[in-house]
Structure formats: C-alpha cells, structure tokens
Amino acid sequence: MQYRIVHYINQFYAGKGGEDKADHKPESVPSPVGPGSEITRLLKEAGGEGEIVGTVICGDSYYGENIEEARATCLALIEAFKPDLLIAGPAFNAGRYGVACGDIASAAGEKLGIPTVTSMFKENPGLELYGKGCYVVPSSESARSMRKDLAAMTELGLKLVKKIPMGPAREEGYFSRGIRKCFFKEKTGAARAVDMMLARLRGEEFHTEYEMPVFKKIPPALPVRDIKNATIAIISSGGVVPVGNPDHIRVSSADSFGSYSIAGINDLTPENYESIHGGYDRAMAAIDPDCIVPVDELRKLEKEGAFKKLHDFFYTTTGTGTSVNNAEKFGQEIGEILRNAEVDAAILTST
Amino acid sequence: MKLELHKIAVKDAQWGDKTHADGGVLYVNKEEALAVVLQESQFVTAELDIARPGESVRIIPVKDVIEPRVKMDGNGYFPGYCAPMSRAGEGATLVLDGAAVVTCGPIVAFQEGMIDMSGPVAEYTPFSKTINIVMNVEPVEGIDPHEYEEALRKTGLRLSVYLAKECLGTKADSIEVYEKHSVVEESAKYPDLPKVLYICMSITQGLLHDTYVYASDLRPSLPTLLHPNEVLDGAVVSGNCVSACDKNTTYHHVHNPVVTELYARHGKEINFLGMVPAVESTILAGKQRAAMMNLTLSKELGANAVIITEEGYGNPDTDFCLNAKLHEDAGIVAIVISDEAAGIDGKSQSTADATPELVSFVSTGNVNEMLEVPSMQKVIGDARAIANLSGGAAESLRPDGSMYIELQAIIASTCEIGFSRNSCEWI
Amino acid sequence: MTREIERVANIPVVQIATIVPIMLTVGTNRVVPGVAIPHPVGDPRKGPEIDHTLRRNLLLKALDAMQTEIQEQTIFE
Chain A
1 MQYRIVHYIN QFYAGKGGED KADHKPESVP SPVGPGSEIT RLLKEAGGEG EIVGTVICGD
61 SYYGENIEEA RATCLALIEA FKPDLLIAGP AFNAGRYGVA CGDIASAAGE KLGIPTVTSM
121 FKENPGLELY GKGCYVVPSS ESARSMRKDL AAMTELGLKL VKKIPMGPAR EEGYFSRGIR
181 KCFFKEKTGA ARAVDMMLAR LRGEEFHTEY EMPVFKKIPP ALPVRDIKNA TIAIISSGGV
241 VPVGNPDHIR VSSADSFGSY SIAGINDLTP ENYESIHGGY DRAMAAIDPD CIVPVDELRK
301 LEKEGAFKKL HDFFYTTTGT GTSVNNAEKF GQEIGEILRN AEVDAAILTS T
Chain B
352 MKLELHKIAV KDAQWGDKTH ADGGVLYVNK EEALAVVLQE SQFVTAELDI ARPGESVRII
412 PVKDVIEPRV KMDGNGYFPG YCAPMSRAGE GATLVLDGAA VVTCGPIVAF QEGMIDMSGP
472 VAEYTPFSKT INIVMNVEPV EGIDPHEYEE ALRKTGLRLS VYLAKECLGT KADSIEVYEK
532 HSVVEESAKY PDLPKVLYIC MSITQGLLHD TYVYASDLRP SLPTLLHPNE VLDGAVVSGN
592 CVSACDKNTT YHHVHNPVVT ELYARHGKEI NFLGMVPAVE STILAGKQRA AMMNLTLSKE
652 LGANAVIITE EGYGNPDTDF CLNAKLHEDA GIVAIVISDE AAGIDGKSQS TADATPELVS
712 FVSTGNVNEM LEVPSMQKVI GDARAIANLS GGAAESLRPD GSMYIELQAI IASTCEIGFS
772 RNSCEWI
Chain C
779 MTREIERVAN IPVVQIATIV PIMLTVGTNR VVPGVAIPHP VGDPRKGPEI DHTLRRNLLL
839 KALDAMQTEI QEQTIFE
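Protein chains in written order, with the numbering used here: chain A, 1 to 351; chain B, 352 to 778; chain C, 779 to 855.
Any given hint could be a false lead.
In the BS3-like style, the derived pairs of lysine-lysine whose C-alpha atoms are separated by at most 25 Å in a straight line are [as the list claims (entries may be wrong)]: (1) B:619 with A:187; (2) A:111 with B:698; (3) B:480 with A:185; (4) B:698 with A:163; (5) C:824 with A:300; (6) B:698 with A:122; (7) A:217 with C:839; (8) B:698 with A:217; (9) A:181 with B:619.
Derived by calculation from the structure, the hints in this document are not laboratory data. Bear in mind the structure is a predicted one, so any value in this text is a computation, not a measurement.
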C-alpha cells in the first residue's frame, strides 16, 4: 500500500525567497520540495509505504491576509493530488506560518476526511487557534530541530494513516487536542490513588490525571426595567415532558431539548406531564410536576399582573450526564428562540 | 479486630440435588434456591440462571451484585439484614470466592445496567469473570417502586447468604487475614507514620439512589468512623443504581480496593485510621454540613491525608470539590477518585463542578464513551431494557441484538472506588 | 445552559436550583437557591398549601432578581 502524502510549506522553505516573497500566491508542484526531500528519505527508511506525491506552497502573508481564499485555493490544490495524508511545516515559532499550517491542516482534515499533521513551537499562536483541529507535534523554537520534527511528523502521520491504535497524546508525542479517551492503566484506580497520596506525603512529584478546568463567565444581562409589561419564559433541565415523552428526550446525556406549548394551560398535572430525568428521585415530580416547572404559580402571577405574559412555550431537557458542550448548544439555541420571540427574561429550574 | 476470610475457590456452577461446593464447583439445588427467593411475598415468579465467563450471555437490567458469604459461627451475614445486629469485621467468614449473585428484573427506574460475559465489552465489568447466579423476578402488579427495590435488595442478600451457608464445612482453599486494632492503639504503635483517613462517599439521594450501613439508610446520617474490617465484612449494602457505570455494588463494598490498598500499607508506610461512610446530599446545606463534619473527623483523628471516592456524577461532584477544598485548605492532602462525563466526543468538561484546590485527581474513565456491542446468543432479563438505561436509548438496540451504547450502561465500568484499571487520558 | 441563554438572548436568566456552587462555577449570574434536588420549586410532600407557598415565594424572588442590576454573580436568598 502506497500512501499518497501531500506536504504544505511556505515560500521560504520552498526556496522562493524570504519576507520579500511572503505574498507568494498558492501553487503546487507534483514532487517533494525543500524539507520534503528529508520526508521522502524518512519514508523510504520506514519501509517505503508512503511517498510525497505533491507539495503545496503559499506565502505566509498571503495566507494570513486572504485566509478564506488561500484556504480554499490550497485545499483544492491538495485535493487534486488525492492524498491519504497531509503534512504541514514544521513552523517552529514563526507565527504566520504556524497559523497557515494549523489552518490548512484543520481544514483539510475536516473537508477531505484525511489525517493531517503539523509541527510548531508550543508558543506559536497557531497552536492555540488550531491545536484542537489537527495533530500538532511539538518543535523547538527554530529550525535547528528540523530533522527531528520532520521525523516525528512522518512517524505520527504514518501511524494515523495506517490507523494503528494509539495511546495518549503525551506518549505519542503531540499536543493534546483537548479530547478525553478511556485507556486501561497498569494499576487499579485505588492503587494509583494511594501511590499519588504517598508521593505527595513524601513531597515528591506527582501528576494529576485531570486538571481542574477554568470556566467562562459573562457580564450579567441588564435587568428588566418594566416588569409589568414583560414576557417571561420558563425553561428546565429537570426533564419534565408531556406524558409519553413524545420527542424521546434521553433520560441522561441529553442530545436534544423539547419545546412544548403551555398556551391556555394553568397547571401541570401528573396525568399530562411526567419527569423522565434519570438522575433523581422522581416521586415528587409524580405528585406535582409544577415543583420542577412552576407553571401553576407563574400563571397566577401572570393573572395578578406581576408580569405581562408567560411565554407560550416551555423548553425542557434532562440535565444528568448532559455534556457541557451540549448544554451550551441548547442554551444558544434556546437563547436564539427567546431573542426572536422578544422574551424579556427567563427562569430556569434545575434538579 | 481480627477478620479471617476463608475463601472457597469457585470456578464453575451447576444445578444439582444438593447445594454445596466441591472441587471448585458450586452445586445449587434450583428448587430450594427458588424457594428462598419466593419467601418474598412481593414476587409473583422468579427464575434462576447461571452465567459463566466466556459464554455468549448478556444480563440486563442488573440491579446489584452480591458475593455469597456467611459467618462461620452460623450467624448469617450482613448485620441488620440476614444476621443479628452485631459488629462486622471480627471472626471467620466463609466466602464463595469467584461466585456472585446478580439481581435482575423488570425495570424500576432508570439506571440499572448490563453485564456481557464475553465479547469486546466484557473487560469493562468485573462480573464477566465471576460465576454468576442470576436471579430474575417478576413483582406483584401495582407494587410501589420503593417496596420493590427493598424486596429485591433483601432477597439478593438472602439468596447469597443461603448459598454460602450450604457450603459451611467445606475446607477453604485460602485464608486472608485482616488485623488492626483501634486508632489509639495503632497510633501508639506507629507514632511517626502519616495518618490516612478514607472518606468513601456513597449515593444517598432517594429511590434507587440509596446506601445502607448496618441496614440503616445512610442518607440522613452524620459522618461516623468504620473500622476497615467492618467494610470488608458486610457492614455496607448498596441500595442503588446511580448510572450503572459508577455504582458500588454490594460485592464492591466487601472488596473495597481503597480499603485493601491502604490496609496493605498500614504499619509500613501509613497509619490507616479507617473509613468514613460519607453522604452525597441533595441539598446544599447537606453537602456543606457533610464536608464540614468530614473535616472535623479528619482533624480530630490527626489525618495527614485523605482519599475521597465518589459514587455517581453530576451533583455529587460538588461534594468531592467541597471535601477536597476544605481538606487542602486545612493542610491535609486530598486525593479524589472520580469518573468523568466528558461527552460522547470526549470534548466536554469532565466534571460538573471544579475547584482549584483539587490538585490530585485519579480518573476512572469517561462514562459517555461510545461502545459498539455485538449481540449475544442468550439474554437473561430483557434486551429492550437498554432503552431505559442511562447510556442507552430506544434506538441503541438494533434488530439483530447488537447495540451502540455509552460506557455508563455497563455495571461498574467506571467504578469510583478504583476497582478497575480504566482511566482517561488526553488525546 | 443558563449562561448561554443569557448571552445569546441578552436577557436576564434567573436559575433556581439547589446546588449553588455548580451554578456559580458554570457562570450563572442570577441564582435563587432551590428547595431540593428532586423538587427545586416547591415541596409536594408537605401538602398543597406549603408546596404552593414555597413555589410562589421562590418565583417572587426570581422576579425580584431579574429586575435587580448586578455587576457580578449574585445569590438571591
């Protein structure tokens, strides 16, 4: 099996010139160029399973200043070679080059469905922008590590294209793409915990298996100025849905939310609504679902004029095991709906 | 306190005329065993099955797994359930080592689990390696869910004790001894060894989310101290299925690996103080109270380090954050063992809560990881139950019996007392 | 979810839930502590009168919270 590999490089490594040629427009050559010859040598050494069938070259400034066009053009040039793998760079600490490599590697991976590898220094802005979308091998700051980095990229690229099962990022030698994956360790969790504890008691080095995340905060929205004329919506992650769960919202790890009309409804009863949330004791919801989605008292307050209108729909999903990404996605979608419906404020209940 | 576990190695089980153990085989008189199960008036019918490692068998929905054991003085097992109220952890206990009773039945609520005895996901549960006596029941119509759970729990314990009791008199293949005196005596013996307390959080949140210590619902309890022998000898019983993946089954409790690992180091590298059965409250004040009082125990006992384990995910993540923060702020090393809910793509934040003081996290895997599961020749229970399990949905089950499900549907796959070797890494 | 709804719709979203630390950690700005996990807005076991009174009081707090100008995450007890 001969894997077809395309190499992406900038104007400098293609021998076109330095800064003066950074506006070089994208072009392709049906053979290795510059550092590509070293990749070719490495591939032969590794058994000759792959060869560079083409090189795509673009000036760093051209890519940076015309990113949409450059990406599209380069993608088309890459695709024309029918590649199984794309290798880009290494970019070391060259910021524009790193951004171009990261951008084209991520785009090629997504659009062409092929594995893509690049390499750059840990402080290269390209890493922060694109490190989640492609495989980035760490390099040194300058081209002094060129041979080592080319070897690392080639080795990783071959592994990816041959679909060899891989270990964690730190073992395989690339910057993590921010994805968690299960692996079996040599020792049980209990043994590892005791080892970690003993290391800490002795003042020795230890490695936590998960670093605490830092969460995004947003400035608070402005308050409602005229409550008597306000429309208020009710939303819940308590998993209350019409009996029978007509939209089959999952009992856990929800991948959808439902919107149900409460126009003309003054009270949620257990005959008409149930909780399908798998993470808490649903006995109370079975007595009165309003203790989770408080339609009854909201309707009374509406009638008393505390606010103008209870929004005609309530939005619901289950909060247990729901990934933060999904929760954010639902929040954005519900936020859009409320904005378009000109709702003034919302109450969200969770269990 | 001195505990001797007299272990009879069980490598197979067969139906027979008389329940007994011989040559590594557990023989079970099916009628007699069924009669033990049907002593429970809330059951209309019951079935018993044997599932062995390597067989093409799926057991679903699983509620609890119990190791057959009995005190050799004839006093039953599980004080408060199948034994008089008395302190566990002393004397001799007969253990059918390698056997397990699995309780199964029409689903009460979500979050029961499954066991595959062979195939690609067998390795995710320890019960693909045990000889399982599976108890499948049909409750009376209109039974209240709380009553059903209790009946099933008690019957599973009773069946386990019956099996062990009938094997009394059989010579043990091996004997494990656990001996440790009181905190005061051990601290006098080893004044210079760092003191370690184990804070074992259990799910204590209501129907099918409860844990029992000496047959008492742990939920309203305030923190107390258990001698490790008590934990290893049946003081703790599981009455819950959180998500199946991080349920601590009753079997897990008597084998608690944090207890056995700390015990192994006791008197050598550490002074193991004991285990605190800690709660995971559903109200904030409860969580704060528990963390505060857990810390009091740690300080009064002079702990230098604590290991904190979770049961469940979601709101209990706040409990381990509070426990870790309070301890680290007090200068006590805190190690947390927990699983992660990082989403099916692994890109989501792994824990529902976080606190910067939590610097020592041991991971037992991502509960949302997707698994391709083949069909099995035999299903004990009801294959369609996957529609209601956390980790599954109606569309998970294909007509040919194969499934695409989350790891969390498999019993004990991410057990947070660190029983397995499953973990997570960045890729 | 709350934070994203607030961000995209640009309206105050008041969250009623029991586990306040989690809400603060994930960035909810206006928080009203709920009754308990299985029943954040009421307590049906205490009978309809108490249940409804609890529910109403929490909603009134929520209405108050959404009208209050705040600079940072705030718990409305």
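Cross-check of the supplied hints:
1. B:619 with A:187: Satisfied, since the Cα-Cα distance of roughly 20 Å is no more than 25 Å.
2. A:111 with B:698: With Cα atoms ~20 Å apart, residue 111 of chain A and residue 698 of chain B stay inside 25 Å; holds.
3. B:480 with A:185: Status holds; Cα separation ~19 Å.
4. B:698 with A:163: holds, 21 Å
5. C:824 with A:300: The given pair, whose Cα atoms are some 21 Å apart, holds under the 25 Å limit.
6. B:698 with A:122: Status holds; Cα separation ~21 Å.
7. A:217 with C:839: holds, 23 Å
8. B:698 with A:217: Since the Cα atoms of residue 698 of chain B and residue 217 of chain A sit roughly 19 Å apart, the hinted pair holds (cutoff 25 Å).
9. A:181 with B:619: violated, 36 Å
The earlier numbered hint that this structure contradicts is number 9, and it is the only one.
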